[in-house]
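Assemble the whole structure, with the sequences as input and the hints as a guide.
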Amino acid sequence: MKLPFQWDESQWADALLRIRVIAKAYASGGLDLRGAAKLSERASSRHNTDWQAAVIAFREHRTRVADRTWDKKYKPVLSSALKVLSATKSPTNGSDLCDIALKQWFLGTRQRQIMRQNLFAFLRFCVQRRNFKVCWLPPETIEGEAINQKRDGYPMTDLQILRLLDALPQTNIGNRWRFAIQLMAVYGCRPEDLRHIKTKRAGSELWSDYEKSQGGTKGKRTDKRRLYPLLVNDVDGSVDWNLQQRIHIREDLPSLGQPGKAGEAVGTYLRRQPMWQSIAAEAEAEGEKLTPYSFRHRYSAAGHARGLQPKQMADAMGHSLEVHMGSYARFMTRDLADPFVAVNGSNA
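If you count the sequence shown from 1, position 238 lands on 238 in the numbering used here, and the numbers rise without skipping.
Worth double-checking, as some hints may not be accurate.
As the list claims (entries may be wrong) - SDA-like, lysine to any residue: derived pairs with alpha carbons at most 25 Å apart:
#, residue 1, residue 2
1, 212, 201
2, 261, 168
3, 72, 139
4, 103, 50
5, 73, 60
It is worth saying that the hints were derived from the structure and are not from the lab.
As structure tokens, then:
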């Protein structure tokens, strides 16, 4: 008895699956080995390979993906894959398909990473939900592909924040952006929080009603949260910009563009400011990158430096303790040098 597979590494998964089907049919009784093999051929023939229908089904499955996101982050790579599959000598497995379909995006770029992730997700969907052969599963890794580690966020210092605020234009627009930056620095707001910030309890509490999608957990979002200040310090002590009262009386904030794009709006404005460019160069000299989230990173660093506990900081920043420990654990030991200096001094 001969199975219809070549002695090739790319076909081992399908061969193993066929052998398991044969073994199950044989073990159930009533069939000899040859009869069990014929039964497995009929079962195997039911595998689906309608790629166009699979793309349509995948789009319907990704209900939380906006049309704009689909067109920008999914459609290009899926169109590339369909083009590759329609060629005369088309690939016969997921690994080869990924190699060819991803060629147009340069290794190591963020764009390629996004396209790779979405193509891999599509292929897993095809096998797990559309009954494609397991040989169409994506590879574990692609040779030469860099696995991008999440870069540590750069926390701005209070002095850098004050320099930036002082350098912003003294105009109506400049004052709105100054207000936004003060809120992000003092309350650890995400840029998107700025759309949803308000006072409650007759102005006695400041809240963000922003409910951020929790990555990897379908339909789950973060809770609305009360905001707590960590004031910026200058040489004379804490600076109180009266932010809560200004929100209560509805002082204007800048336009933040479309929902979900506040980070881009903040980044676009800041990158045009000479002082932001100067501070970005300071961060680059330390091997780090200045971003609109650097105000939020400052909030975390300041909280830990002032003795707040990780759970307190996680709750104040609107994420789980697990996320906080993964993203901000390094701030918990930023003053590690002081104990060592003290120990060395005591032994002198």
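Hints, one by one, checked against the model:
1. Our distance criterion of 25 Å between C-alpha atoms is met by residue 212 and residue 201, whose separation comes to about 23 Å.
2. Only pairs whose Cα atoms come within 25 Å are accepted, and residue 261 paired with residue 168 is accepted, the gap being roughly 22 Å.
3. The hinted pair formed by residue 72 and residue 139 meets the criterion: a straight-line CA distance of about 24 Å does not exceed 25 Å.
4. Between residue 103 and residue 50 the alpha-carbon distance is near 23 Å, which keeps this suggested pair within the 25 Å criterion.
5. For the proposed pair residue 73 and residue 60, the alpha carbon gap of about 15 Å is at most 25 Å, so the pair holds.
In terms of the numbered hints stated before, the structure departs from none.
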